[in-house]
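There are 2 protein chains.
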Amino acid sequence: MVPYNLLKTNGTAGYLNTGVWAAKAIKEAKMLGNIKILASSEDKKFSYVPKNYEIPKELDYFHITSNNTIYGTQMKQFPGSPVPLVCDMSSDIFSRKVNGKNFALIYAGAQKNMGPAGTTMIAVKEDILGKTGRTMLSMLDYKAHIKGESMYNTPPVFPIYVSMLTLRWLKKNGGVEWIEKVNEKKAQLLYEEIDRNSLFKGTTEKTDRSNMNVTFVMHKPEQEPEFDKLWKEADISGLRGHRDVGGYRASLYNALPIESVKVLVDVMREFEKRFA
Amino acid sequence: MVPYNLLKTNGTAGYLNTGVWAAKAIKEAKMLGNIKILASSEDKKFSYVPKNYEIPKELDYFHITSNNTIYGTQMKQFPGSPVPLVCDMSSDIFSRKVNGKNFALIYAGAQKNMGPAGTTMIAVKEDILGKTGRTMLSMLDYKAHIKGESMYNTPPVFPIYVSMLTLRWLKKNGGVEWIEKVNEKKAQLLYEEIDRNSLFKGTTEKTDRSNMNVTFVMHKPEQEPEFDKLWKEADISGLRGHRDVGGYRASLYNALPIESVKVLVDVMREFEKRFA
Chain A
68 MVPYNLLKTN GTAGYLNTGV WAAKAIKEAK MLGNIKILAS SEDKKFSYVP
118 KNYEIPKELD YFHITSNNTI YGTQMKQFPG SPVPLVCDMS SDIFSRKVNG
168 KNFALIYAGA QKNMGPAGTT MIAVKEDILG KTGRTMLSML DYKAHIKGES
218 MYNTPPVFPI YVSMLTLRWL KKNGGVEWIE KVNEKKAQLL YEEIDRNSLF
268 KGTTEKTDRS NMNVTFVMHK PEQEPEFDKL WKEADISGLR GHRDVGGYRA
318 SLYNALPIES VKVLVDVMRE FEKRFA
Chain B
68 MVPYNLLKTN GTAGYLNTGV WAAKAIKEAK MLGNIKILAS SEDKKFSYVP
118 KNYEIPKELD YFHITSNNTI YGTQMKQFPG SPVPLVCDMS SDIFSRKVNG
168 KNFALIYAGA QKNMGPAGTT MIAVKEDILG KTGRTMLSML DYKAHIKGES
218 MYNTPPVFPI YVSMLTLRWL KKNGGVEWIE KVNEKKAQLL YEEIDRNSLF
268 KGTTEKTDRS NMNVTFVMHK PEQEPEFDKL WKEADISGLR GHRDVGGYRA
318 SLYNALPIES VKVLVDVMRE FEKRFA
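The listed protein sequences derive, respectively, from chains A and B.
First residue of the first sequence: 68, per this note's numbering; consecutive thereafter.
First residue of the second sequence: 68, per this note's numbering; consecutive thereafter.
It should be emphasised that the hints constitute simulated quantities derived from the structure, not laboratory data.
A quick note: this is a predicted structure, and the numbers were derived from the prediction, not measured.
Among these hints, one or two may not hold up.
Any copy will do: because identical chains look the same in the list, a pair fits if it lies in one copy or spans two.
As the list claims (entries may be wrong) - Listed next, the in silico EDC-like pairs over lysine to aspartate or glutamate satisfying Cα-Cα at most 16 Å (straight line):
#: 1; residue 1: Lys248; residue 2: Glu291
#: 2; residue 1: Lys198; residue 2: Asp208
#: 3; residue 1: Lys329; residue 2: Glu251
#: 4; residue 1: Lys164; residue 2: Glu251
#: 5; residue 1: Lys75; residue 2: Glu125
Next up, chain A with everything else stripped away, as it sits in the complex (with noise of 0.2 Å):
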């Protein structure tokens, strides 16, 4: 929806390349006009953030993917951006402090930190819109539904209910000021425990590390099996990678609390005791 909306016919907008989400983003895009990438990890196997690149003013909009599930990499800063800027936070939205202000478009499904699937939040500047010179199938028209106040369709009434019980629940814990720091919390345990084990490595980039999804392998993959083994024993579930990285990969979405995390690092001391 984001080019339908804002690319104009005949108009140019920029993407960063840092995964499989930017990377449907962009195909699809190019569905509708011309695609710039002025950036992309691909060369490391999406391992960081691109940083130091130069955003045209000429663009119609910026196109950012805050957190990358499957890489485990997270945008620490936002670019400056003389465009819109227009960001993916479907994986880490409402798990840190962000500044609204720097943002003309931000888009996330609800599945990660806000509720269950079944619905999209949209923030939008309203003075972006209507540009693109397209007539515009109401669906897909931002202005619809900001005109029929999210309800220019049947609203899925079950997954925005739910959403809002779990922001009341943030919001009476101490909101994202809070939940940014158990988070920070979380992950820090974690990534700890990977440079500090010997058996284990993280495969990101130190300094864009995400806080939501942490990624690692061994040093030794013939040893997966028992590591396996071990932390399935412990109750632990879904930790194996995408399947399109392999390895492993912790989720510390919102909701899962620190002890979960404890768990694991446990497992981890206790396989590097066994088998180092």
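Dock chain B against chain A, hints included.
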């Protein structure tokens, strides 16, 4: 999505205009190609379903709406069509038996007879897809959703799960054959009272009366406030007609038991006793 997937660039599609939902579908389809209205009941405020129209063989498809929630009409027979027949069954799917073979594509939002709002069912004959010559955005491409086994995007898990439970409930009780009889009884009970009662009258052609949405008005509209008081006292809710048409509308979807219809019929009788 229907015209996007089925209407050839430079092709023509046929539509039957039976009310608000059909008109919305027509409006969107016109943005993608040539649309021919084969018949319309707008001349009599959509109080009937047009019959005896011709379906030209050169159309890409012919689109109908099986039930019209706002005007209270329903197609009792479906036209034999020389071109792919597409049906919006959102408001009466699983309320009665239909012969799937007659349709090339059926779509229906879950929120009437299937489950909570937030998911949509599509049944499509695959051989009608992929013929438009249009570059297809993946999210709008039925083929992408078929290839992804309905998980191209993160699916709305809760609405789908509850739809499954609802369909299991339906199956356990005797399936569509059973609920069709129940729905007929419910509708018959209410229409009989409307026809019998000296204070009320139906708004639609008798042959096209919907079993899902029963619309009626008062002979003397000035009596409405008194009637409203009485049905609200009986714990009936949502009986006011759609804001576009006024009057009254009783929605008798699968989930509504016949006992609720009896309560309304009793209220109408009582009202006649007091005010006729």
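A quick look at each hint next to the structure:
1. Taking the closest pair of Cα atoms, Lys248 and Glu291 never come within 16 Å of each other, the shortest separation being 32 Å inside a single copy and 59 Å across copies.
2. Within a single copy, Lys198 and Asp208 get their C-alpha atoms as close as 12 Å, which meets the 16 Å cut-off; across copies the closest is 25 Å, which misses it.
3. For a Cα distance limit of 16 Å, the shortest separation of Lys329 from Glu251 inside one copy, 14 Å, qualifies, whereas the shortest one across copies, 60 Å, does not.
4. Proximity of Lys164 to Glu251 under the C-alpha cut-off of 16 Å is restricted to the intra-copy arrangement: shortest distance 12 Å within a copy versus 56 Å between copies.
5. Taking identical chains as interchangeable, the C-alpha atoms of Lys75 and Glu125 lie at most 16 Å apart only when both belong to the same chain, with a minimum of 12 Å there against 35 Å between chains.
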